[in-house]
Amino acid sequence: MVASPAPFRKQRGRLVLALLAGWGGVLWADPALAQIPAPVLPILTPPPATWDHDLLSARPALGQTLTDLSVLTGGLTWGMTPVDVNGVLPVRVPGINWAGLASATEYQSDIRYFWARLDSLGALRVGSTACVGRNSYVVFLFQASGLFRLSYRLTGDPACPNPGAAASQIFGRYVAMEWSLAQSIHYRAGGLDIIDVTDPTAGYLTTIRWQPRAR
Numbered sequence: 005m006v007a008s009p010a011p012f013r014k015q016r017g018r019l020v021l022a023l024l025a026g027w028g029g030v031l032w033a034d035p036a037l038a039q040i041p042a043p044v045l046p047i048l049t050p051p052p053a054t055w056d057h058d059l060l061s062a063r064p065a066l067g068q069t070l071t072d073l074s075v076l077t078g079g080l081t082w083g084m085t086p087v088d089v090n091g092v093l094p095v096r097v098p099g100i101n102w103a104g105l106a107s108a109t110e111y112q113s114d115i116r117y118f119w120a121r122l123d124s125l126g127a128l129r130v131g132s133t134a135c136v137g138r139n140s141y142v143v144f145l146f147q148a149s150g151l152f153r154l155s156y157r158l159t160g161d162p163a164c165p166n167p168g169a170a171a172s173q174i175f176g177r178y179v180a181m182e183w184s185l186a187q188s189i190h191y192r193a194g195g196l197d198i199i200d201v202t203d204p205t206a207g208y209l210t211t212i213r214w215q216p217r218a219r
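If you read the sequence shown in my numbering, its first letter stands for residue 5, the second for the next number, and so on.
Keep in mind that the hints were calculated from the coordinates and are not lab data.
All residues carry an ideal CB built from backbone N, CA and C; glycine is no exception.
There could be a bad hint or two in this list.
Claimed, not checked - Derived Cβ-Cβ restraints for the label pairs, each shown as a range: (1) D123 - L70: 31 to 37 Å; (2) A163 - L60: 22 to 28 Å; (3) T69 - I189: 17 to 23 Å; (4) A106 - L60: 43 to 49 Å; (5) R192 - S113: 43 to 49 Å; (6) G131 - T69: 42 to 48 Å; (7) R138 - G83: 20 to 26 Å; (8) G104 - P165: 32 to 38 Å; (9) W183 - E110: 18 to 24 Å; (10) T109 - D56: 42 to 48 Å; (11) A163 - T69: 23 to 29 Å.
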């Protein structure tokens, strides 16, 4: 015997859930929702893997190397010095050297960085076609052994109010790489879309996220 539905309203979307005893639940929408266009969500493809016969473990199927990362980024690879990184950028940042770099205070160890506007970086847009906002930028983070993270920080402007589509496109290119080569994460920090692409050999540094400073 089916119990009487017990509807309730969800705060957003006005979805009504009828709980049916013994049947789990049935979800239907208010007819007014039919007038709201559904968002277009990107499909992110993980790197292909080869699984063992027991389906308990897998190994990368492509065997990517730092050369593949370099091709995608226009010549950047992990371990490059600040001078080397600056040397391959389409528009070079003047006065770049280790001693003159700013310190990244979210880290306890000696991590330094410089940044450049994304709209000047050519290949580092990794084929994204959506707008990025003129104030969006990429931070190049270094430890003593060299470059270990690219941090994309996308923010909107009047001509590009929402750079989220570009963030998804950029993240989609990096997330398809093997995790043994680059570990990528996409998150929000304040009003910015952040895509961190990190050298997996950087140890605990891979888990540290950037947060804007309180003003």
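These are the hints, each one checked on the structure:
For the pair D123 and L70, the beta carbons lie near 26 Å from each other, so the given range of 31 to 37 Å is not met. Taking 22 to 28 Å as the suggested C-beta distance range, the pair A163 and L60 does not conform, at roughly 50 Å. The beta-carbon spacing between T69 and I189, approximately 22 Å, falls within the hinted interval of 17 to 23 Å. Evaluation of the 43 to 49 Å hint for A106 and L60 yields a pass: the beta carbon distance comes to about 45 Å.
For the hinted restraint 43 to 49 Å between R192 and S113, the CB-CB distance of approximately 26 Å leaves it violated. In this structure the supplied range 42 to 48 Å is violated for G131 paired with T69, their Cβ-Cβ distance being about 20 Å. Distance hint check for R138 and G83: the Cβ-Cβ separation is about 31 Å, which falls outside the suggested range of 20 to 26 Å. Distance hint check for G104 and P165: the Cβ-Cβ separation is about 35 Å, which falls inside the suggested range of 32 to 38 Å.
Evaluation of the 18 to 24 Å hint for W183 and E110 yields a pass: the beta carbon distance comes to about 22 Å. Between T109 and D56, the C-beta spacing of about 44 Å keeps the proposed range 42 to 48 Å intact. A163 and T69 have their C-beta atoms about 38 Å apart, which leaves the hinted 23 to 29 Å range violated.
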